[in-house]
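In order, the protein sequence lines correspond to chains A and B.
Under this note's numbering, the first sequence has 206 at position 206, and the numbering climbs by one with no breaks.
Quick note, this note's numbering runs 1000 ahead of the 1-based positions in the second sequence.
Rather than coming from a laboratory, the hints here were simulated on the basis of the structure.
Even for Gly, the Cβ is constructed at its ideal location relative to N, Cα and C.
Among the hints, a few may not be true.
Claimed, not checked - Calculated Cβ distances over 10 Å to all of chain B for the following chain A residues:
#1 H43
#2 S45
#3 L85
#4 G86
#5 Q107
#6 E119
#7 E129
#8 P140
#9 I143
#10 L211
#11 E266
To be verified - To be clear about the criterion: a stretch of chain B counts as covered by chain A if any three or more of its residues have a C-beta under 8 Å from a C-beta of chain A, and this derived list gives those stretches:
#12 1171-1180
#13 1187-1196
Said to hold, decoys possible - Restraint-style ranges between C-beta atoms, simulated for each label pair:
#14 A:E93 to B:I1115: 48 to 58 Å
#15 B:S1123 to A:R217: 56 to 66 Å
#16 B:F1034 to A:A149: 30 to 40 Å
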Amino acid sequence: MTSSQIDNNPIRQSTGGQTADSQPILEVRDLVKDFGGVRAVDHCSLDVMPGTITGLIGPNGAGKTTLFNLISGFHKLTAGTITFLGKRIDGMEAHETFHAGLVRTFQIPREFKYMTVLENLMLVPANQEGERIWASWFTPWRIAPQERAIERQALETLEFLNLDHLKDEYAANLSGGQKKLLELGRTLMAKPKMILLDEPSAGVSPALTDLLMEDIRRTQEETGITILIIEHNMRVVMSLCDPVIVLSEGRKLMEGTPEEVQRDEEVLRAYLGFSGEASAAAGENTAHETAPNEAEFGETKAGA
Amino acid sequence: MDIIYFLAGFGILAGIYGVFTLGLNVHWGYTGLFNIGVAGFFALGAYTAALLTTAPPSPELFEDFVFGGNLANTLQLGIDLWFFVALACAAIVSGVVALVVGAITLRLRDDYLAISTLGIAESVRLMFLNEKWLANGSRGLSDIPKFLGDFVTPKQYDLLYFAVVIIVLAALYFVIQRAINSPWGRVLRAIREDEEATAAAGKNVFRFKLQAFILGAAVMGIGGALYAHGFRYVDPMVFDPLLATFIVWVMLMVGGSGNNLGALMGAFIVWGIWSGTQFLPPEINNPNLRFFLIGFLLVLVIMLRPNGMIGERRRVSEGGT
Ligand SMILES: Nc1ncnc2c1ncn2[C@@H]1O[C@H](COP(=O)(O)OP(=O)(O)O)[C@@H](O)[C@H]1O
Ligand SMILES: [Mg+2]
Chain A
1 MTSSQIDNNP IRQSTGGQTA DSQPILEVRD LVKDFGGVRA VDHCSLDVMP
51 GTITGLIGPN GAGKTTLFNL ISGFHKLTAG TITFLGKRID GMEAHETFHA
101 GLVRTFQIPR EFKYMTVLEN LMLVPANQEG ERIWASWFTP WRIAPQERAI
151 ERQALETLEF LNLDHLKDEY AANLSGGQKK LLELGRTLMA KPKMILLDEP
201 SAGVSPALTD LLMEDIRRTQ EETGITILII EHNMRVVMSL CDPVIVLSEG
251 RKLMEGTPEE VQRDEEVLRA YLGFSGEASA AAGENTAHET APNEAEFGET
301 KAGA
Chain B
1001 MDIIYFLAGF GILAGIYGVF TLGLNVHWGY TGLFNIGVAG FFALGAYTAA
1051 LLTTAPPSPE LFEDFVFGGN LANTLQLGID LWFFVALACA AIVSGVVALV
1101 VGAITLRLRD DYLAISTLGI AESVRLMFLN EKWLANGSRG LSDIPKFLGD
1151 FVTPKQYDLL YFAVVIIVLA ALYFVIQRAI NSPWGRVLRA IREDEEATAA
1201 AGKNVFRFKL QAFILGAAVM GIGGALYAHG FRYVDPMVFD PLLATFIVWV
1251 MLMVGGSGNN LGALMGAFIV WGIWSGTQFL PPEINNPNLR FFLIGFLLVL
1301 VIMLRPNGMI GERRRVSEGG T
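Bound-form chain B, shown alone (with noise of 0.2 Å):
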C-alpha cells in the first residue's frame, strides 16, 4: 500500500511540473519566447496563494510579519472554494507581472526578454527573502491551509490531493489546447517561425506576443499556488534557478517543445528520474551527480531526438471546435 503513497507523492510533484511545462509551451514551444524565469511566477503564484489563504501568525511571535488574509476561514463560499480563489488570484498576479514585464521587453530584441525574466525571478526571490514583513523572510510561510482536508486523514490526503492535481492540469490542458489550435495559437506559430513576415501578414505581432506571455504567467502562477498548497510550506529556497526554470526547461525539451501531450511526458519523465535517484547509494546520491544526470538526459535526447520524445505533431489548426 506504502508505493501508492509514495506514487501519489511522486506524481502531485511531477503533475505540478507538468503545470509549468504548459505555461514554459506558451511561452517557447508556440511562440519562441524565451523565458528563463519561470522560477518567479512560480514563487508569485506561491507566496499570492499561501499569503492569502493563511492565517495571521500572532504579533509576539512574529514582529515584523503579521500579514495573512486567512481566506480558508473567513471566505464562506461552501466547501472549501477559497482555494479556487486563490488560483485565480496566483494566475493573475502572475499574470499582471508578466504584463508589466512584457509591456517594457516585448517591444525590444528577444534578448531583453531573457534577461528580464532572468532578473524578475531573482528580484521576486530577493524580495520574499529581504522584505521580512512580508512574508516572513527565509524562515518561510508555513501552516498554508489543505484543500480539503477535513475530510480524509493526512495520510489519505496525498492521494486526494494528486487527483486534485491531475485535475487542474487538464483543466489547464483543455483551455491550452483549444486556444493553441484556434487561429490565434497559428499566430502565435508563425511569430515562432517568422516575427518579420507575421507583422508583414497584418499581424500585430507585440500584441500577440503579450498575450502569450499572459497566458504562460498565469499558467506558472496557478502551479505556484497548486505546490503550496500542496507542500503547505514555502520560503525562497524553494525557487531556487535549478529546481524551478532549469528542470521545467529540460522537462519541455525531453518531452518535446510546441507539443503540449510532449511537455507533460518530459515533466513526468524527468521528474521520475529526479525522484529514482534518490534511491542510489548514498556515497554517489548528492546533488550535483542528480543534475549531471538530467543534464546529460538533455544533451541524449537533444542529439537522438532534437525535437523530444514526441515533439511538435503538426497539423493544420482546428476552428476551434
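Just chain A, with the same shape it has in the complex (with noise of 0.2 Å):
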C-alpha cells in the first residue's frame, strides 16, 4: 500500500515533470471550520503543487466545497492558515482572493442570469478604468479602448469553448452545461494563477463533459496555470487529474496518483465499502443530464 493517513505526508510527484523540490503554490495548513456544532473541515493540511491538475475527491460532505469556500475567502476560518504564492490568504475576503491570483467556481452555476454571455465575460477582468463611478461623466474616452481589448478576449475566450454563437444570449437561457463552460470561461477572463473548480462536469452530459474536460488540459498546457478540481466523476477524475487528494470527514485521507488512490483500501472504505470494480466501472458509466449521480464515485451506493 503506498498510501498514508498522515496528513502530512510529502507530496508524491508523480507525473507534470514538476521536481521534487518545487515550492507547493497552495499550501493548507491544519484547516478547520466549524458550522455551528458541525465541523466540516478538520485539521485539513495539503498541498498544490504549481503547474498540477490536482483532483479533489471525496464522498458527500467530506468539506470539499467548504475547503473552497475557505481558500476563496467566501467564509471565515475556524483555525488554520492557507499559503498561496507564499503570502498568507486566509482573512481575505472573496474580492481579494480574486486578486492575489486566486479564481474560484461554484458548484452550482452562478451565471448571471439577465446579462448577455459576453457580459458575463466582459465583468471579470480586473483595474476596469470604466468600473469608476466618475468614469463614464468625466473620462470616457478612457473606457472606449479598454472596453474594446475586453472583448476582443472575451470573444476569443468564447471561441475557445465554443460558445461564440451565444455571446448575445441571456446566461439564463443556456443549458447546465453551457453555464459550466461558462463559469470556466470567467475564471480564464481573470487571467489567474490557479483556478478552484467545484464539479465542473457535475450535470452535464457526457459529450459536454469530454469537452469540457479538453478546454480544462488545454487551458493547463497553453496556460501552465495550476488547477483544482473537486470532482465526483471518476472517468474525468483518471483521464485528468494528477495527484489525486481523497477527504474525507473534512481531512485529506490520502493523496497519490488516480490508480492508487482507486486501488486504495482506505479510500474505499470511506466511500462506504464501495467495491474496487465497481467504482472502476462506475467510472466508465457516462453521466446523464438528468442522472449526473450515475457515474459518481461512491455516491451510487449512498443513494442506494
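Need the complex rebuilt from these two chains, each delivered in its own frame; the hints are there to steer you.
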C-alpha cells in the first residue's frame, strides 16, 4: 500500500514534470471550519504543486466545497493557515483572493442570468477604468479602448469554449453544461495563477463533459496555470488529474496517482465499502444530464 | 388655456416623481438594493433646500424657529444661481446620510437595509416634526423662494417651473444612463443578479453597493429640492410613506424596473391615474379608493407584464461613449 493517512506526508509527484523540491503554490495547514456544532473541515492540511491539475475527491459532505469556500475567502476559517504563492491569504475577503490570483467556480453554476454571455465574461477583468463611478461622466475616452480590448478577449474566450454563437444570449437561457463552460470562461477572463473548479462535470452531458475536460486540459497546457478540481466523475478524475487528494470527514485521507487512489482500501472504506471493481465500472459509465449521479464515485451506494 | 396650466401643474409633480423613480431605479432596478425609505431622502432634500434658501423668520413670530439660510437673497452669483446651490446641497445631504446608513448596513444581510431605510425615513420625518427649532415642526416651512420667480406672472410660473423640472429630469436621466451603461453599471447589474458570484469575479461588492446607494439617494434628494421650490411649502405630512415611498415603488414596477425610460413612464402614468381620480364624483372620491385603484393597477401589471410596461432593455454595455 502506497498511501498514508498522515496529512503531512510528503507529496508524491507522479507526473507533470514537477521537480521534487519545487515549492507548493497553495499550502493549507491545519485548517478547521465549524458550522455551529458541525466540523466541516477538521485539521486539514494539503499542498498543491504549481502547474498541476490536482483532483480533490471524497464522499458527499467530506468538506470539499467548504475547503474551496475557505481558500477563496467566502467563509471565515475557524483555525489554520492558507498560503498562496508564499503569501498568507487566510483572512482575505473573496474579492481580495481574486486579486491574489486565485479564482473559483461554484458547484451550482452562478451565472449572471439577465446579462448576456458576453457581458458575463466582460465583467471579470480586473482594474477596469470604467468601473470607477466617475469615469463615464468625466473620462469616457479612457473607457472605450479598454472595453474594446476586453470585448476582444471575451470573444476569444468564447471561441475557445465554442460558445461564441451564444454571445448575445442571456446566460439564463443556457443549458446546464453551457453554464459550466461559462463559469470556466469567467475564470479564464481573470487570467489567474490558479483556478478552483467545483464539480465542473456535475449535471453535464457526456459529450459536453468530454469537451469540458479537453478545455481544462488545453487551458492548463497553454497557460501553465494550476488547477484544483473537485470531481465525482471518476472518468474525469482518472484522465485529467494527477495527483489526486482524497478528503474524508474534513481531512486529507491520502494522496497519490489516480490509480493508487482508486486501488486504496482506505479510500474505498471512506466511500462506504464501495468495491474497487464497481468503482472502476462506475467510472466507465457515462453520466446523463438528468441523472449525473450515476457515474459518480461513491454516490451510488450512498443513494441506495 | 387653463388646461395648459393644469397640465403644467400635473407635469411638475409627475416630473418630480420621475426623479424619485430614477433614484429608486439605481437602487432597486439596477443594484437590487431594497430601499423602502424613499420618503426619508425626499424629506432630507426638501428640507435642506428649504432651510438654506428661505429667509429667517422674525423671532417675535416664531420663538423656537429662527433659522433660514436666506441664500436666495445673500448669494449673489448672478441670476438665481442659488437654486442650483440648493439642489447640490440637497443631493449632498441625502448622499451623506446614505453613506452613513449604507456603511453600517450594506455589509449585512439584505433585510437590514430594508429595515434601516424604513427606520431612517420615519426618523427624519419625526425629527422635523418634533425639533421645532429646526424646521418649525408641524406648521412647516413656507415662503420657500421661487427660482426665476421675478420673470413671469404667478399664473405663468407653473409653465416655467415645469420646464425647469423637465430640464433637471433630463439631465439626471442622461447622467444616470451613462453610468449604468458603463462598466460600473455592469458591475451593479451583476450584483443584482448574484452578489457572491460578483465577489468571485474580484469586485468589491460593498464598495459598489455603497456607491449606488449614495448616487440613488442623492438623486432623490434633488427630487426633494425640486419639490420644495415648486410648492414653496413643506411640512412633515408631505413625507407620508404612502405618497412618498409606496407610490414611487408602484411607478417603478408599473413602468419597468431596470429601465430608466420605463421608470419615467411609470411616474407619469401612475401620477396621471392618481391625479385623474380627483375628477371622480365626490361620493366615491376618497384617498382610500385612490390607493385601492393604484394597488389594483400594480397587481394588474404584475400579472400581465411582470417586467413592467417597458421593462429592462437588455443589452451589452457601451464603453461610455
Ligand atoms: N454554510 C453551511 N452552513 C452549515 N453547514 C454547512 C455549510 N456548508 C457546508 N456545511 C456542512 O459541512 C459539511 C461539508 O459540506 P461540503 O463542504 O459541502 O461537502 P462536499 O462538498 O464535500 O460534499 C456538510 O456536513 C455540510 O452540511
Ligand atoms: Mg460540494
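Here's how the hints hold up against the structure:
1. The Cβ of H43 (chain A) sits about 26 Å from the closest Cβ of chain B, beyond the 10 Å cut-off, so the non-interface label holds.
2. Against the 10 Å criterion, S45 (chain A) stays outside the reach of chain B, whose nearest CB is about 25 Å from its own CB.
3. Non-interface call for L85 (chain A) relative to chain B: holds, since the shortest CB-CB distance, roughly 16 Å, exceeds 10 Å.
4. The Cβ of G86 (chain A) sits about 20 Å from the closest Cβ of chain B, beyond the 10 Å cut-off, so the non-interface label holds.
5. No beta-carbon of chain B is positioned within 10 Å of the beta-carbon of Q107 (chain A); the least distance is around 12 Å.
6. The beta carbon of E119 (chain A) is not kept farther than 10 Å from every beta carbon of chain B, the shortest such distance being approximately 6 Å.
7. Not every Cβ of chain B is farther than 10 Å from the Cβ of E129 (chain A); the closest lies at roughly 8 Å, contradicting the non-interface assignment.
8. In this structure P140 (chain A) is not separated from chain B by more than 10 Å, as the shortest Cβ-Cβ distance comes to only about 4 Å.
9. With a cut of 10 Å on Cβ distances, I143 (chain A) falls inside the contact zone with chain B, its closest approach being about 4 Å.
10. Separation of L211 (chain A) from chain B is adequate, the least Cβ-Cβ distance of about 23 Å exceeding the 10 Å criterion.
11. With a cut of 10 Å on Cβ distances, E266 (chain A) stays outside the contact zone with chain B, its closest approach being about 33 Å.
12. Here the stretch 1171-1180 of chain B counts 3 residues with a CB under 8 Å from a CB of chain A, which clears the bar of 3, and the coverage holds.
13. With 6 residues having a beta carbon nearer than 8 Å to a beta carbon of chain A, the stretch 1187-1196 of chain B meets the requirement of three or more and the stated coverage holds.
14. A C-beta distance of roughly 24 Å is found between E93 (chain A) and I1115 (chain B), which places it outside the suggested range of 48 to 58 Å.
15. The given range of 56 to 66 Å is respected by S1123 (chain B) and R217 (chain A), whose C-beta atoms sit roughly 59 Å from each other.
16. The hinted window of 30 to 40 Å between F1034 (chain B) and A149 (chain A) holds, with their beta carbons roughly 36 Å apart.
Violated hints for the displayed structure, listed by number in ascending order: 6, 7, 8, 9, 14.
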